[in-house]
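*Asks:* This is what each chain is made of:
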Amino acid sequence: MAMKGTLIVVGTGLQLGQTTISAKNYIQNAEKLIYLVADPITESWLKELNSTAESLYGCYGEGKNRIDSYNEMVDKILMYVRNGYEVCLALYGHPGVFVNPSHRAIEIARKEGYKAEMLPGVSTEDCLFADLGVDPASVGCLSYEATDLLLRRRLIDPRCSVIVWQIGVVGNLKFNKGKSKTKEIGVNLLKDYLLQYYPSEHLVMIYEAAQFSVLEPTKISCKIEDITLNKISSISTLYIPPYETSSMDSSMFYDLKIEIN
Amino acid sequence: MSTLKDFLLKLGTDHNEFVKFKANKTKSMSDAGISEKEQSVILKGDPAEIKRTLGGGEGHDIVVIVL
Chain U
12 MAMKGTLIVV GTGLQLGQTT ISAKNYIQNA EKLIYLVADP ITESWLKELN
62 STAESLYGCY GEGKNRIDSY NEMVDKILMY VRNGYEVCLA LYGHPGVFVN
112 PSHRAIEIAR KEGYKAEMLP GVSTEDCLFA DLGVDPASVG CLSYEATDLL
162 LRRRLIDPRC SVIVWQIGVV GNLKFNKGKS KTKEIGVNLL KDYLLQYYPS
212 EHLVMIYEAA QFSVLEPTKI SCKIEDITLN KISSISTLYI PPYETSSMDS
262 SMFYDLKIEI N
Chain F
161 MSTLKDFLLK LGTDHNEFVK FKANKTKSMS DAGISEKEQS VILKGDPAEI
211 KRTLGGGEGH DIVVIVL
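Those protein sequence lines, which keep their order, are chains U and F.
In this note's numbering, each residue's number is its place in the first sequence (first place is 1) plus 11.
In this note's numbering, each residue's number is its place in the second sequence (first place is 1) plus 160.
No wet-lab data here; the hints were simulated from the structure.
Keeping only pairs whose Cα atoms sit at most 27 Å apart, straight-line, the calculated BS3-like set for lysine-lysine is:
1. U:Lys58 <-> F:Lys165
2. U:Lys35 <-> F:Lys180
3. U:Lys234 <-> F:Lys204
4. F:Lys182 <-> U:Lys230
5. U:Lys242 <-> F:Lys204
6. F:Lys180 <-> F:Lys165
7. F:Lys170 <-> F:Lys187
8. F:Lys170 <-> U:Lys43
9. F:Lys204 <-> F:Lys170
10. F:Lys197 <-> U:Lys230
11. U:Lys230 <-> F:Lys185
12. F:Lys165 <-> U:Lys230
Covered stretches of chain U (chain F as the covering partner; in silico rule of three or more C-beta atoms under 8 Å from a C-beta of chain F):
13. 19 to 28
14. 39 to 52
15. 223 to 237
Computed spacing ranges between beta-carbons, pair by pair:
16. U:Ile32 <-> F:Asp166: 21 to 31 Å
17. U:Lys122 <-> F:Glu209: 38 to 48 Å
18. U:Asp266 <-> F:Glu209: 52 to 62 Å
19. U:Lys35 <-> F:Ala183: 25 to 35 Å
20. U:Glu255 <-> F:Lys204: 32 to 42 Å
21. U:Ala148 <-> F:Lys204: 34 to 44 Å
These numbers were taken from a predicted model, which means no experiment stands behind them.
Note that beta-carbon positions come from the ideal geometry of N, C-alpha and C, so glycine has one too.
So here's chain F without its partners, still in its complex pose:
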């Protein structure tokens, strides 16, 4: 059983896994053991919701203003 964080990390570092995901998102996520609830978050495509699902404490809300 893979966590969502592990899965996204894998997609960002392993091109073959990324290609598999692009070809069939649901199968790729099911094969990786991603829960149905987490799959729906990914398929919905809202980055804020993905961050909330990933958790991890820090808000990662970084905006930089140079004045």
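So here's chain U without its partners, still in its complex pose:
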């Protein structure tokens, strides 16, 4: 039998209006709402929907390692679950994409016998597909976090679309309020890495989803060689269209019994 106390993790999307109906229902009806969002409008909305709303933002600290902040967040979330509350955790974007505390809290809660679930939300990548008109199914799509791409020397296939997340905080593992920005060296190392796969004049897009309904998304088109720090913010994402086309394996048509008319 599941223990009393539940955890439902939902996403609020990138701007107010991108929360699913199901997520909104959980937000409204939770006995305890915990949240971490990126704009004050969504924060006000959450507080209107549920008077128990409590921010996790206090877990961050200037110059503090993010992993320590995430551990504090998980402890706080689980404290309410263990005390028997129906908890809803509402997070900016998709609650399972580039989020550490949501996955960890669910994993621990389940191990301890509590019911814990995640609902899908709207991520930056979803907005990018819509705003840039990219279909990940057409040529395939690779998606990497910028620091991870460099540290682990992830392989890039220039025949696919490539999305590089968090190019604005390359190598920055600490929280710095209002100035979580990459250093120039991070941008240069990223460019050098990409130039192993692409010509310097290959056109890419520096993208930011709109954070408010009154804004348009930011799209800066430039050559890889022209990517500079002043074009990037802490929430920028890099979209790299394919440079080469993929040929098809004709023998696979035969093996798959695909007929070409």
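Please build the complex by placing chain F on the supplied structure of chain U, with the hints as guidance.
*Replies:* Just chain F now, kept in the frame of chain U:
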């Protein structure tokens, strides 16, 4: 007189208000009582400046790295 925060909240939750804003931004903001200074911030379209204008203490500078 509406505050900028109330106005943006309304646009995010009321589709008719959002449609009115898209059709005529300046009129929509003037009708809502948004000051000229705040209107210029919205029309400029800089999210960081909008956040500064909204205030509210927290930096809302959330970046998550999973390594």
